[in-house]
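Participant: Sequence:
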Amino acid sequence: TINTMVDQLSSFADEVTRMARDVGTEGILGGQADVKGVSGTWRDLTDSVNSMAGNLTAQVRSIAHVATAVAKGDLSKKVDVDARGEIRELKNTINTMVDQ
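To convert, note that position 1 of the sequence shown is 1 in my numbering; the numbers rise steadily by one, no gaps.
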């Protein structure tokens, strides 16, 4: 029904807004969107948001792990996480830095 679709849209929008606030504004990584009772496109969208959040969390935590090690004088660590685009450039820059 239309009411069900409106409820699902509202629930999805609330969760995506919460995730964006947590990650983008509060710097809280590791969260996942939890949209109850959805299927089809809404489930696919929720899964995509969670995949994006999971990838970003893994990338940032890997970079932070290496940066912390470098700050303690340990140059043996490398950023070892799948990355693309600007995150890959950052990963490569950090790995080059610890190699020198």
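Misleading hints may appear alongside valid ones.
[Claimed, not checked] Pair ranges (Cβ atoms, derived): (1) Ala69 - Ala13: 13 to 23 angstroms; (2) Gln100 - Leu9: 49 to 59 angstroms; (3) Thr25 - Asn55: 16 to 26 angstroms.
Hint data in this document are derived by calculation from the structure and do not stem from the laboratory. We put the CB at the ideal spot given by N, CA and C, even for glycine.
Participant: Work down the list of hints and note, for each, if the structure agrees.
Facilitator: Here's how the hints hold up against the structure:
{"no.": "1", "hint": "Ala69 - Ala13: 13 to 23 angstroms", "in the structure": "violated (40 angstroms)"}
{"no.": "2", "hint": "Gln100 - Leu9: 49 to 59 angstroms", "in the structure": "holds (51 angstroms)"}
{"no.": "3", "hint": "Thr25 - Asn55: 16 to 26 angstroms", "in the structure": "holds (19 angstroms)"}
Of the numbered hints listed earlier, the single one contradicted by the structure is hint 1.
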